[in-house]
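Residue numbers (our numbering), protein chains in the order written: chain A, 1 to 427; chain B, 1 to 427.
No lab work stands behind these hints: they were computed from the structure. Be careful, since some hints might not be right.
It does not matter which identical chain is meant; a pair holds if it fits inside one copy or across any two.
To be verified - Pairs of lysine to any residue residues, derived as SDA-like cross-links and limited to a Cα-Cα distance of at most 20 Å, are as follows:
hint : residue 1 : residue 2
1    : K386      : Q24
2    : K383      : R424
3    : K149      : R252
4    : K179      : N215
5    : K149      : Y248
6    : K386      : N119
7    : K270      : D255
As the structure is a computational prediction, the values presented were derived from the model and not from experiment.
Number of protein chains: 2
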Amino acid sequence: MRTYIADIKTLDDGSDVTIKGWVQETRKIKNLMFIIMRDNTGSIQVTAKKDSMKNYDQLYDITRESVISVYGTLNKKSISKSGMEIQGIEIEILSIADTPLPLGVIDRVSADFDTRLNNRFLDLRKPEHLLIFQFESQLLFGIREFMNKENFIEVHTPKIVAAATEGGADLFRVEYFEKNAFLNQSPQLYKEILIASGFDKVFEVGPAFRAEKENTVRHLNEFTSIDMEAAFIDDKKAMEYLENAISYAVNRNIDLMHTKLEEYGYHLEKIETPFPRISYEDGIEYLNDHGLKLNFGDDFSPEANKILAEKFNGFYFITGWPSDMRPFYTHPDTNPALTKSFDLQLNDIEVTSGAQRIHNYKMLEDNFMKKGLNKNDFEFYEKAFKFGMPPHAGWGLGLERLVMNLLHLNNVRESTLFPRDRTRLSP
Amino acid sequence: MRTYIADIKTLDDGSDVTIKGWVQETRKIKNLMFIIMRDNTGSIQVTAKKDSMKNYDQLYDITRESVISVYGTLNKKSISKSGMEIQGIEIEILSIADTPLPLGVIDRVSADFDTRLNNRFLDLRKPEHLLIFQFESQLLFGIREFMNKENFIEVHTPKIVAAATEGGADLFRVEYFEKNAFLNQSPQLYKEILIASGFDKVFEVGPAFRAEKENTVRHLNEFTSIDMEAAFIDDKKAMEYLENAISYAVNRNIDLMHTKLEEYGYHLEKIETPFPRISYEDGIEYLNDHGLKLNFGDDFSPEANKILAEKFNGFYFITGWPSDMRPFYTHPDTNPALTKSFDLQLNDIEVTSGAQRIHNYKMLEDNFMKKGLNKNDFEFYEKAFKFGMPPHAGWGLGLERLVMNLLHLNNVRESTLFPRDRTRLSP
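Isolated chain A, as found in the complex:
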């Protein structure tokens, strides 16, 4: 029976234990060696004595990051840093690491990001990097728990599609047998078809693909999109689902892994709802009062977002964006220059975009025209509006970008296992 290193502290002094993991460091004093061993839960010192170990000579030459299985006795009165060590009885060598390592695991020397990504399997062995993905996994589990309680159906819509969600730009082309196809940029149109299908409330977690040439610390060409759509709700209700899903999941994560997060320098505070809301128009006014010169229709610059972040400090919504700035499926407000839309910001970064959507067939057709789109490209979609489409609203949330901002990482690639960008297709 294997014991994880983090669980050793619950065992009695003198217990026999088997642990499995990586050789992080060794120190050798003639006929005695100390191995700092690591698994995904922690690290511990193992002692091996020449007298009592058949394969001591082999072990003596073991390289850093080799994999071993240790059977031994727990000593809780050790003078090692943790006050515990395993006195090895049998140590099996499972895999020997080559030298030199292309990237250090415990070295303080920082490698450039390309070297780290080229050797991601070593980079991810650092506990502070593993923790990002444990956090991400649990965050998503929390979001799913919330959505499940709210009776959302989790769905899977196709990623190989015949038409562009947003109308043509930034698409990756796929050779699909004899046909031309694309990778989907967003499940938006399919979520809406499911609303027409009577699914009432759907959400999806899956890859989304954007052939954007921008190569910044916030952009990925493939990312994990969390999308929801619900029937018979408006933009305001969609915002409530969003703030409640995020606060539920983040606060659950803090409860689960607060100590570990703090240990590795990730500071998170419990989230309170409702999040503050500011309209686009009030935002413009506020920013102009604070030294900027913005007109209706202007996007918020990084500088503008920094000013708003200082005001709100954390999550906040910007609502009621101009029609010209939102996609064709966005529902107009009573004033048709504005839409029933919102962005969720975390400090100075947009993490979610959402809106009430158009459900009226005629209004949708008019919007295709206004946006210069060819309605024939969307036949599979607009057909679903002709035979009973309820009002509906929803949002889409980039998982990696959310985690990047929650954990104050400085590059979205830090919260992406194997990032895809303009220049990177491997590993």
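Let chain A serve as the given structure and place chain B on it in line with the hints.
Only chain B this time, still in chain A's reference frame:
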């Protein structure tokens, strides 16, 4: 406040209630009309009287599958089939359906599958079709709950990749900026890199892409793959995780939705573990005793699978497949002609494939050679074997195929919202 139709039975007679949904059927008697209204939880009769309804004339002409919002009073002494009806006070028309419907929702006339898929948004309004996807969503939630309890980290690996998982065949090509890329057939290689990264236990749910030209009732070119991989385990432990995950999730689903499943003719029985196991070699012998003529190295034909299905009736494992029949990363058994591999069968259909994987770098290199693969294509992968790779095992499971077989559907497209096959790319 909206009430879902299924929740109406818990309300008191005479309660005021708002329901929202689709007009399934209407009957009209001069100044009185009856509307059978449907939402995603059920259906109920609504009465509308000319005397008390401002928009009665509009309502009188309402078409099937239009969307309405009804505010009215609950009458629990109705002579309608369910013994309940809503006496309408205000009925708002939210969306009018065109006529004729390209596909009926409640008609008993069965449409051909292409017509159904072309009008999937109407096809999915049938409660027996919706139920398949409610089942699928909850099944996956159950699997995740199990994996989370077992400390698996849910991960997302890239779908745009530079190399073929299985070595070149059946790949969809993607134009990735200036480079050539492919859609991933399976997260296998990435899961293994994560094992080398010290992630210990990972699982992923995501799309997998196979450019297979076969167009059968069991094949999809894009499907949802559930993949797991764990360090320091063998094929036998991987089989335990699999049977326990499936039985946990299926039995949870039966508890949750037994009544509804029975109502629509889906019969499921509680699953018991462990599942029976038969080795490939014993399978050959058993099949030859039952009239077939199979040699070592032959695959099991549909006829062979039917014979085994009669013997086992439900889930069973076939273990120890010949090396020639398994991918390059499969760990050989003590007898090198065999592998530490398994298939999970549900009756006569394979639903999962798994194995202990090779972790020794030298053995992996030899296997590239044996299988005629170019190791340079796999540099990003085999590098992770050089610096400490633990023994590991795992499996991959097709979600839609599992649901198809659990619910005894006759086509995997029935458990796929928007199937992709050789000829279908839309909707």
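Status of the hints after comparison with the structure:
| no. | hint | result |
| --- | --- | --- |
| 1 | K386 with Q24 | between (63 Å within a copy, 16 Å between copies) |
| 2 | K383 with R424 | between (39 Å within a copy, 17 Å between copies) |
| 3 | K149 with R252 | both (15 Å within a copy, 15 Å between copies) |
| 4 | K179 with N215 | between (30 Å within a copy, 16 Å between copies) |
| 5 | K149 with Y248 | both (11 Å within a copy, 19 Å between copies) |
| 6 | K386 with N119 | between (52 Å within a copy, 11 Å between copies) |
| 7 | K270 with D255 | within (9 Å within a copy, 35 Å between copies) |
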